[in-house]
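Listed in order, the protein sequences are those of chains A and B. With the first letter of the first sequence counted as 1, position 268 gets the number 268 in my numbering; the numbers rise by one all the way through. With the first letter of the second sequence counted as 1, position 135 gets the number 135 in my numbering; the numbers rise by one all the way through.
Bear in mind the hints are in silico, worked out from the structure with no lab data behind them. Every residue, glycine too, gets a C-beta built ideally from N, C-alpha and C. Hints may be right or wrong, so weigh each one.
[Claimed, not checked] Here are the in silico distance ranges between beta carbons for each label pair:
1) A:N55 / B:L13: 34 to 44 Å
2) B:T155 / A:E243: 29 to 39 Å
3) A:M368 / B:L13: 53 to 63 Å
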Amino acid sequence: MLTTFIMAGIVLFSVINLAGLHTWIERKQSAVMQDRIGANRAHVVLPWKWAAPINWLLKPINALGLFHPVADAIKMFTKEDYIPPYGDKLLHTLAPFLSMTFALVGFAAIPFGDVLVIGGREITLQVASMNVAMLYIFAMASMGVYGVILAGFASNSNYAFLGGLRASSQMLAYEITLGTTLIGIVLVYGSLDLQEIVRGQGKLLFGWIPMWGILVQPLGFFLFLAAGIAETKRIPYDMPEGESEIIGYFTEYSGMKFGMFYFTDFVETILVACLATTLFFGGWQVPYLAANGFHFPWGAEVALPNLAVVILQIGAFTFKVLSFCWLFMTIRWTLPRFRYDQLMELGWKGIFPISLVNLVVTAMILLMLG
Amino acid sequence: MPELKKTRKESMLLNIGPTHPAMHGIVRIIAELDGEEVVDTDVEIGYLHRAFEKHAEQDGYLQVIPYTDRLNYVSPLINNTGYCLAVEKLFGLETTERAKYIRVIMNELSRVTDHLTCVGASAMELGAFTVFLYMIKAREMIYQLIEEVTGARLTISYTRIGGVKADLPPDFASKCREILGECRGVLKEVDQLVTRNRIFVDRLKDIGVISQADAVAYGITGPFLRSTGIDYDVRRAAPYLVYDHFDFEIPVGEHGDNFDRYLVRMDEMEQSMRIVEQALDKIPGGPVLLDTQGNEISAADMVDEAKMGRVTGLCGKSASTDPTLEGSGRGIYEKIESGNKEAMMPPKEMTYSSIEGLMNHFKTVMVGHGIRPPKGEVYFPVEGANGELGFYIVSDGTDRPYRVRVRPPCFVIMAALSKILKGDTLADIVPTFGSVNMIGGELDR
Numbered sequence: 001m002l003t004t005f006i007m008a009g010i011v012l013f014s015v016i017n018l019a020g021l022h023t024w025i026e027r028k029q030s031a032v033m034q035d036r037i038g039a040n041r042a043h044v045v046l047p048w049k050w051a052a053p054i055n056w057l058l059k060p061i062n063a064l065g066l067f068h069p070v071a072d073a074i075k076m077f078t079k080e081d082y083i084p085p086y087g088d089k090l091l092h093t094l095a096p097f098l099s100m101t102f103a104l105v106g107f108a109a110i111p112f113g114d115v116l117v118i119g120g121r122e123i124t125l126q127v128a129s130m131n132v133a134m135l136y137i138f139a140m141a142s143m144g145v146y147g148v149i150l151a152g153f154a155s156n157s158n159y160a161f162l163g164g165l166r167a168s169s170q171m172l173a174y175e176i177t178l179g180t181t182l183i184g185i186v187l188v189y190g191s192l193d194l195q196e197i198v199r200g201q202g203k204l205l206f207g208w209i210p211m212w213g214i215l216v217q218p219l220g221f222f223l224f225l226a227a228g229i230a231e232t233k234r235i236p237y238d239m240p241e242g243e244s245e246i247i248g249y250f251t252e253y254s255g256m257k258f259g260m261f262y263f264t265d266f267v268e269t270i271l272v273a274c275l276a277t278t279l280f281f282g283g284w285q286v287p288y289l290a291a292n293g294f295h296f297p298w299g300a301e302v303a304l305p306n307l308a309v310v311i312l313q314i315g316a317f318t319f320k321v322l323s324f325c326w327l328f329m330t331i332r333w334t335l336p337r338f339r340y341d342q343l344m345e346l347g348w349k350g351i352f353p354i355s356l357v358n359l360v361v362t363a364m365i366l367l368m369l370g
Numbered sequence: 001m002p003e004l005k006k007t008r009k010e011s012m013l014l015n016i017g018p019t020h021p022a023m024h025g026i027v028r029i030i031a032e033l034d035g036e037e038v039v040d041t042d043v044e045i046g047y048l049h050r051a052f053e054k055h056a057e058q059d060g061y062l063q064v065i066p067y068t069d070r071l072n073y074v075s076p077l078i079n080n081t082g083y084c085l086a087v088e089k090l091f092g093l094e095t096t097e098r099a100k101y102i103r104v105i106m107n108e109l110s111r112v113t114d115h116l117t118c119v120g121a122s123a124m125e126l127g128a129f130t131v132f133l134y135m136i137k138a139r140e141m142i143y144q145l146i147e148e149v150t151g152a153r154l155t156i157s158y159t160r161i162g163g164v165k166a167d168l169p170p171d172f173a174s175k176c177r178e179i180l181g182e183c184r185g186v187l188k189e190v191d192q193l194v195t196r197n198r199i200f201v202d203r204l205k206d207i208g209v210i211s212q213a214d215a216v217a218y219g220i221t222g223p224f225l226r227s228t229g230i231d232y233d234v235r236r237a238a239p240y241l242v243y244d245h246f247d248f249e250i251p252v253g254e255h256g257d258n259f260d261r262y263l264v265r266m267d268e269m270e271q272s273m274r275i276v277e278q279a280l281d282k283i284p285g286g287p288v289l290l291d292t293q294g295n296e297i298s299a300a301d302m303v304d305e306a307k308m309g310r311v312t313g314l315c316g317k318s319a320s321t322d323p324t325l326e327g328s329g330r331g332i333y334e335k336i337e338s339g340n341k342e343a344m345m346p347p348k349e350m351t352y353s354s355i356e357g358l359m360n361h362f363k364t365v366m367v368g369h370g371i372r373p374p375k376g377e378v379y380f381p382v383e384g385a386n387g388e389l390g391f392y393i394v395s396d397g398t399d400r401p402y403r404v405r406v407r408p409p410c411f412v413i414m415a416a417l418s419k420i421l422k423g424d425t426l427a428d429i430v431p432t433f434g435s436v437n438m439i440g441g442e443l444d445r
């Protein structure tokens with residue numbers, strides 16, 4: 001019980017901090033992509049003479065603009081919290097919390113390492129190990145859209161209303177696609193438990209290729225990527241927001257409530273990155289790393305203690321997740337936005353049928369292989 | 001386009017603007033929506049009305065030039081040129097060859113900045129923010145070039161009646177070529193990023209369609225008209241300045257949709273750069289302002305002559321220019337009779353340093369002085385970045401125009417906008433409106 005709480009705390013802490021850092025990553029990466037310097041004006045300088053060495057240490061942080069997330073937080077928390085006079089006060093307040101909560105609880109099912117042994121106790125590095133983890137994540141992600149819809153409807157504004165409307169149909173279209181895309185993975189590894197799926201990806205194909213999801217479900221991966229980015233509501237799928245068209249479902253939000261919607265986007269980005277890593281890129285698997293050390297296919301073996309193995313696994317998982325975050329950020333700053341009906345067309349007439357075909361073909365191959 | 005559905009009686013009114021991220025400038029579009037589809041729109045303009053035309057009636061001919069900067073604030077040099085050409089036509093003047101070439105170069109550079117802004121802003125509104133910043137980077141380089149020539153980035157007031165304020169800086173040609181090269185690089189980058197991007201093409205193709213007949217009926221000109229396949233360009237149809245000396249093409253589209261307008265603008269930038277390069281090759285030496293006597297006199301003296309109304313003999317006269325800005329390097333009042341002093345604009349340093357200069361300046365800007373063209377009326381069109389930019393000036397022989405009327409190119413397009421938007425979706429309003437390239441200053445004047 002206690003370990004679960006500790007692990008939940010650790011996961012929550014890292015996710016929220018990474019999401020906070022995402023605001024900085026977004027600013028800096030877009031700046032690098034666009035030949036700019038990026039935000040670097042949030043400076044912390046201590047006024048006292050004795051603080052000179054601290055100031056010296058703060059210098060690079062100031063120059064990189066790393067205090068901007070903090071400045072953002074201060075701004076968000078101190079801004080007026082405005083509720084439109086003819087809106088629904090309760091739902092208006094509830095919406096951002098729903099949005100945020102359901103995005104965060106999804107992380108409970110993500111395994112970020114194998115078994116850690118402390119003093120003879122075996123701890124599985126996953127907040128809640130459940131055998132329906134995948135269904136659970138989809139359920140939570142689907143619930144998350146209620147926040148957006150409520151925000152749109154409770155604001156009593158036409159712009160927010162259109163945003164909520166778009167969000168609900170977009171989520172409907174892409175949740176289903178997301179589900180069918182991943183059934184292929186479930187078939188291949190024979191489990192809905194993410195920890196089991198990751199362990200299954202540690203097997204070797206032909207004795208030397210790690211059997212990662214992307215190798216057995218290449219089409220599924222790209223379909224998942226397309227549908228997964230839609231889940232994050234960011235460009236090119238930012239129809240519910242569409243800042244130059246309808247401003248978005250959070251038109252009538254200000255202060256930290258707006259901040260929570262803003263934050264949810266980043267949390268969802270991280271969640272989709274985690275899912276992509278877990279399902280298609282071997283999760284915490286490091287190639288040829290087993291529970292007691294490296295076993296290379298050419299026969300060499302390196303024995304490692306349990307702690308080193310776990311650290312390597314968590315490191316690999318973090319690295320993969322960050323790579324996906326980088327990829328999503330690059331996509332976000334490269335592509336223009338879809339139009340609403342084109343998005344629906346792509347979802348229902350493009351990705352969804354292909355994912356069904358993918359599913360059928362996978363099932364047939366598995367049947368033939370016995 | 002999907003057929004307009006009128007099955008549902010309930011529709012939603014969405015008030016887009018006047019403060020809305022996509023309504024650059026200030027304009028209001030009231031859209032009646034059936035779901036996402038636009039049933040009808042009402043375009044409301046006038047939020048940026050500054051009474052330019054009325055202002056022009058209150059001020060002398062030379063004092064209108066700074067106001068023209070504020071018309072199309074993305075390509076102010078074209079406005080300057082258009083106004084000065086109209087006044088020169090009223091006077092029966094023809095400026096010097098070098099001044100003509102300089103005006104052409106500056107006009108074409110302005111056209112590039114205008115198109116860069118328009119295409120970049122449209123792309124940004126479609127979510128491609130990176131494209132916008134790439135284009136603004138290129139625009140910034142051209143702005144720096146313009147700043148070197150005129151001394152200002154936006155409110156430049158570069159042209160004078162009978163020429164331009166100052167000659168090009170010494171190393172202009174090489175710098176200009178270098179910047180055009182960089183600009184081409186940016187355009188290539190943008191082209192690779194979006195022209196064949198499926199999302200971008202889908203967002204623009206077959207959206208905001210206007211037929212040839214409609215475009216002509218509304219009086220639409222510029223890239224908007226050319227996208228329908230009509231190759232009307234004032235530079236070709238009624239060549240002014242020295243446009244007939246250059247080899248350039250007029251890019252036209254086929255379908256009259258947003259994507260064709262994007263392509264036409266991209267091609268036009270290339271053509272404009274070609275014109276600039278040819279002009280840099282061919283530009284002759286000589287003065288950039290006219291003189292009444294046919295003697296070589298300085299640019300500022302020319303202005304003085306014009307201000308005294310002695311303009312009928314200015315035609316085709318050679319004049320020398322001052323490499324510095326107007327009048328800063330010459331003796332004061334050298335060729336002006338004391339009796340006419342009240343009619344000339346003394347150099348700024350004189351105005352600021354001596355009581356006599358200050359008094360003279362004061363008297364020049366007072367009502368009842370200044371330059372006096374003959375009675376009559378003129379219309380002079382130039383090819384602005386958005387289309388035909390015309391100045392219609394009526395003179396009653398006094399020092400102030402009786403009437404100055406501007407034909408702003410985007411005004412007529414805004415009139416047709418409601419028709420173009422009908423039947424598209426809400427999200428299409430943004431790229432269509434972006435392709436109009438509405439400039440508030442020019443539209444509402």
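Here is how each hint holds up against the structure:
1. A:N55 / B:L13: 34 to 44 Å: 57 Å, violated
2. B:T155 / A:E243: 29 to 39 Å: About 31 Å separates the Cβ atoms of T155 (chain B) and E243 (chain A), which means 29 to 39 Å holds.
3. A:M368 / B:L13: 53 to 63 Å: Cβ of M368 (chain A) to Cβ of L13 (chain B): about 59 Å, so the range 53 to 63 Å holds.
Comparing the model with each earlier hint shows a violation of hint 1 alone; every other hint is respected.
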